[in-house]
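Protein chains in written order, with this note's numbering: chain A, 1 to 237; chain B, 1 to 237; chain C, 1 to 237.
In case anyone wonders, no lab produced these hints; they're calculated from the structure. A virtual CB, placed ideally from N, CA and C, is assigned to each residue, including glycine. Careful: at least some of the hints might be erroneous.
Pairwise CB distance ranges, derived in the manner of DEER restraints [claimed, not checked]:
id: 1; chain 1: A; residue 1: Asp42; chain 2: B; residue 2: Arg181; range: 21 to 27 Å
id: 2; chain 1: B; residue 1: Gly225; chain 2: C; residue 2: Gly225; range: 24 to 30 Å
id: 3; chain 1: C; residue 1: Gly225; chain 2: A; residue 2: Leu236; range: 38 to 44 Å
id: 4; chain 1: B; residue 1: Asp42; chain 2: C; residue 2: Asn69; range: 44 to 50 Å
id: 5; chain 1: C; residue 1: Gln237; chain 2: A; residue 2: Val146; range: 50 to 56 Å
id: 6; chain 1: A; residue 1: Asp186; chain 2: C; residue 2: Pro12; range: 25 to 31 Å
id: 7; chain 1: B; residue 1: Val233; chain 2: C; residue 2: Glu37; range: 51 to 57 Å
id: 8; chain 1: B; residue 1: Tyr227; chain 2: C; residue 2: Ser136; range: 52 to 58 Å
id: 9; chain 1: A; residue 1: Gly150; chain 2: C; residue 2: Val233; range: 55 to 61 Å
id: 10; chain 1: A; residue 1: Gly225; chain 2: C; residue 2: Val146; range: 34 to 40 Å
id: 11; chain 1: A; residue 1: Asp186; chain 2: C; residue 2: Leu11; range: 25 to 31 Å
Now for the letters of each chain:
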Amino acid sequence: MNEIFNKNPSLPEYVGRTVLDTIGLVIPSIDISLREEMNLPDDIRALGIISSRTGAAGQICAVDEAVKNTNATLVSVELPRDTKGWGGHGNYIVVGGRDVSDVKRAVEIALELTERNAGEVYINSAGHLEFAYSASAGEALAMAFVAQIGKAFGFMAGSPAAIGLVMADKALKSADVRLIRYMTPDRGTSHSNEVIIAFTGDAEAVKTAVLTAREIGLELICALGEYPSGPSVPYLQ
Amino acid sequence: MNEIFNKNPSLPEYVGRTVLDTIGLVIPSIDISLREEMNLPDDIRALGIISSRTGAAGQICAVDEAVKNTNATLVSVELPRDTKGWGGHGNYIVVGGRDVSDVKRAVEIALELTERNAGEVYINSAGHLEFAYSASAGEALAMAFVAQIGKAFGFMAGSPAAIGLVMADKALKSADVRLIRYMTPDRGTSHSNEVIIAFTGDAEAVKTAVLTAREIGLELICALGEYPSGPSVPYLQ
Amino acid sequence: MNEIFNKNPSLPEYVGRTVLDTIGLVIPSIDISLREEMNLPDDIRALGIISSRTGAAGQICAVDEAVKNTNATLVSVELPRDTKGWGGHGNYIVVGGRDVSDVKRAVEIALELTERNAGEVYINSAGHLEFAYSASAGEALAMAFVAQIGKAFGFMAGSPAAIGLVMADKALKSADVRLIRYMTPDRGTSHSNEVIIAFTGDAEAVKTAVLTAREIGLELICALGEYPSGPSVPYLQ
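Taking the hints into account, I'd like the entire structure generated from these sequences.
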């Protein structure tokens with residue numbers, strides 16, 4: 001059986017893969033009983049799907065950009081309790097459109113940006129950190145983190161959760177930003193071992209807060225283990 | 001301390017073990033305060049317990065047959081978020097009876113069938129798939145997945161979740177089956193990174209749908225990693 | 001970037017680390033928007049935070065003692081679904097006080113006792129067990145497990161969950177104790193693969209019940225794997 005499979009499936013539903021066990025798929029015309037369960041609006045026939053074992057904000061930001069730049073619209077964002085044995089989330093994001101070409105393009109863009117955004121996922125033997133920044137939040141960030149559309153958006157997560165709270169405190173004090181989402185193991189997460197915050201403000205202030213959280217998070221996570229690596233190159237500066 | 005323990009406990013509660021870190025145990029007469037917390041009916045004194053770190057439908061199908069073939073009845077089916085670092089479920093299933101002999105026989109049958117059913121659990125470095133089929137659903141499948149008792153039952157799960165949705169779409173279109181359960185990270189699961197469906201119909205149609213889901217799932221999961229292995233031999237055909 | 005970090009952060013928020021990926025941190029004066037989200041009383045300005053990837057009752061007992069012996073008070077206890085790939089919980093515990101010196105002392109005590117209490121965490125390749133005992137429960141045990149303040153407190157957890165139920169049954173029958181908390185994958189846990197109970201009674205009876213659960217749990221978990229090890233030395237006897 002083994003030999004009939006290879007790393008590049010011929011299945012038309014397959015769009016591509018990238019880091020963090022992320023797969024991008026499309027469904028040209030979703031089955032009618034699934035359509036009902038998903039409460040899809042009438043004008044959506046084609047679906048695009050992105051999901052990963054590890055990461056949340058990076059992939060959501062990637063889909064956020066993908067939706068802005070195509071005719072696809074956002075259907076749902078879910079955050080399973082995953083990260084391949086670590087204390088955080090994976091993701092399962094569905095976009096929709098009238099035609100498969102719309103959603104396919106969105107999935108392609110999302111896969112590309114997921115690779116870049118994964119540069120801000122830091123994992124060591126003890127825990128993990130994740131950061132994200134958008135100069136202008138769109139539909140996906142609004143759905144997932146109550147971001148205001150068109151405004152700058154910052155995100156940070158730290159695990160074990162205690163590290164996240166200190167990062168959050170330092171980030172919020174470092175610049176004139178406004179807290180829009182506060183998540184803990186029992187609040188808003190899927191019982192992950194993280195404190196997560198999202199915030200808004202002027203673009204510069206938001207970026208300062210994200211970079212402050214990153215500096216603090218890296219220092220603290222190194223107290224528990226080696227310097228964390230990630231699957232891509234850090235890109236926020 | 002070490003030397004007093006061995007792989008075959010002498011404890012009368014121990015029935016046996018099998019693949020997927022599955023253990024089978026009995027309690028001849030459950031403690032009265034636990035009985036109250038569990039809301040057990042008066043005629044149940046003895047409990048049989050099956051649980052595993054990995055797998056859901058295979059063990060539930062195994063208990064389903066065990067209950068059909070003994071005087072044990074089903075008490076509860078719970079699906080912890082587990083799979084030993086993967087994105088799915090483990091299981092914790094309790095059956096009850098008047099006498100310990102009834103539940104012990106049920107646990108023995110469930111352990112045997114769990115080994116066979118584990119042939120339809122596929123795990124690679126990126127994710128996992130699980131499949132199940134019953135020609136005639138019983139109490140356990142009804143409780144866990146709203147199966148209609150006496151009807152054919154099909155089950156598939158795919159992780160990362162995007163793979164599960166494409167499997168589900170293809171399965172439902174491949175044969176004249178009816179969707180009875182649709183589960184996602186935020187819906188019906190314990191925040192697992194899966195899309196899961198259960199369906200019914202004529203026996204041939206249900207089996208066709210399961211085999212279609214398996215073919216698609218194996219092709220997609222191989223895009224993210226090596227050909228998946230499992231603890232037993234695939235048995236559905 | 002790597003070289004600027006080391007195992008002993010100079011950050012004033014850092015208090016210390018210990019086994020089970022436990023970190024202890026303080027925040028001298030919590031950010032005002034976080035204060036609101038956390039619903040902190042007016043007289044709490046400083047926070048102390050303990051969190052770990054693995055373990056629940058051991059760290060809660062440690063904080064319980066820390067709060068008794070300092071001017072810190074308990075703010076929150078949360079149990080993420082973690083254990084680094086195993087089927088249990090991690091922890092995220094926040095204490096508060098008027099001054100950072102109060103909470104810092106509490107965090108130091110909690111870290112010390114966490115190391116000792118970790119002697120009653122047992123992990124093998126298949127599952128894990130955890131035990132805890134307090135001669136006199138305080139605020140943290142009351143908040144987490146409905147313990148009665150001032151009374152003896154016993155705790156046991158077993159994973160896979162079936163093992164936990166047999167341990168619970170044997171423990172409750174072994175001595176004159178009263179069940180105060182019963183938790184399963186779907187009830188009271190964060191979908192962990194455990195049965196957990198907490199109980200009270202005379203100090204001797206509570207300890208007998210804990211030791212009975214430990215003996216049974218070790219025998220059963222050895223049926224699935226090797227003799228379990230832990231990060232510290234068992235201390236209950």
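Taking the hints in turn, this is what the structure says about them:
The beta-carbon spacing between A/Asp42 and B/Arg181, approximately 25 Å, falls within the hinted interval of 21 to 27 Å. Against the hinted window of 24 to 30 Å, the Cβ-Cβ separation of B/Gly225 and C/Gly225 comes to about 25 Å, which satisfies the hint. C/Gly225 and A/Leu236 have their C-beta atoms about 43 Å apart, which keeps the hinted 38 to 44 Å range intact. Evaluation of the 44 to 50 Å hint for B/Asp42 and C/Asn69 yields a pass: the beta carbon distance comes to about 48 Å.
Take C/Gln237 and A/Val146: their Cβ atoms lie about 52 Å apart, and the range 50 to 56 Å holds. About 28 Å separates the C-beta atoms of A/Asp186 and C/Pro12, a value consistent with the hinted range of 25 to 31 Å. Between B/Val233 and C/Glu37 the beta carbons are some 53 Å apart, a value that agrees with the proposed interval 51 to 57 Å. The hinted range of 52 to 58 Å is satisfied by B/Tyr227 and C/Ser136, whose Cβ atoms lie roughly 57 Å apart.
About 58 Å separates the C-beta atoms of A/Gly150 and C/Val233, a value consistent with the hinted range of 55 to 61 Å. The given range of 34 to 40 Å is respected by A/Gly225 and C/Val146, whose C-beta atoms sit roughly 35 Å from each other. With their beta carbons about 26 Å apart, A/Asp186 and C/Leu11 fall inside the hinted range of 25 to 31 Å.
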